[in-house]
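Undergrad: Sequence:
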Amino acid sequence: MSKRIVTSIISISAIVLTLMGCGNISDTASSAATLSSQPQTKEKNLADAAFEYKGNMLSLFDDPNTVIDILSTCDTGEVSTYLHFNKEYFDGYHSPTIDYTMSNEATFMYSISDESMRTSNGISIGSTQEEVIAAYDNAGERIGNWILCDFEDYYIIFYFDDDDKVYKIEYVINDTK
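Per my numbering, residue 507 is the first one in the sequence shown, and the count goes up by one each step.
Derived by calculation from the structure, the hints in this document are not laboratory data. Don't take each hint at face value.
Unchecked claim - Derived Cβ-Cβ restraints for the label pairs, each shown as a range:
(1) Gly628 x Asp668: 35 to 43 Å
(2) Glu558 x Gly646: 20 to 28 Å
(3) Gly632 x Thr582: 17 to 25 Å
(4) Leu552 x Ser609: 15 to 23 Å
(5) Ala640 x Tyr673: 15 to 23 Å
Unchecked claim - SDA-like mimics (lysine to any residue), calculated; alpha carbons at most 25 Å apart, straight line:
(6) Lys560 x Cys580
(7) Lys560 x Ile649
(8) Lys674 x Met615
The beta carbon of each residue, even a glycine, is placed where N, CA and C say it ideally should be.
Starting from the given sequences, assemble the full structure and let the hints guide the process.
TA: Right under this line is the structure:
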């Protein structure tokens, strides 16, 4: 009886080990596939972070000084400043159609409601919810009056009016990662 149990255990162990080996992709092949897809994803994410505003290309990852220079020449807003220990710091740029907010001397958010603005996927103020969903395959479900598109390092949020048309677009750095 004990020979039968030992034989059964050995047989089951051999079968389990064989099955565990089947269907596994080698670590080398798996990591090579991951590495080859990463640059394309990163490039796509960087392209989606860019948008056109009044004939100028801006990105969520642009240098803040460059952004302020561009906005100061193409818009009628003002650089926003604050005082801290009697030293003046600027924290962005604000106008009726674009707000540019900084955090820790880096870009944090754009909030745009100007009709001349166009995302890298062609969405602008006045676009429909269907156009947003068609343009962004990572668009989440609509929650209230907005849809969030989640990228690796940032979000694009589209806000809709009562006619389901985009009235504001926000680009926000995801600083929780």
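Undergrad: Evaluate each hint against the coordinates.
TA: Okay, the hints, checked on the actual structure:
no. : hint                        : result
1   : Gly628 x Asp668: 35 to 43 Å : 23 Å, violated
2   : Glu558 x Gly646: 20 to 28 Å : 24 Å, holds
3   : Gly632 x Thr582: 17 to 25 Å : 21 Å, holds
4   : Leu552 x Ser609: 15 to 23 Å : 20 Å, holds
5   : Ala640 x Tyr673: 15 to 23 Å : 19 Å, holds
6   : Lys560 x Cys580             : 7 Å, holds
7   : Lys560 x Ile649             : 29 Å, violated
8   : Lys674 x Met615             : 13 Å, holds
In the structure shown, a violation is registered for the earlier hints numbered 1, 7, in ascending order.
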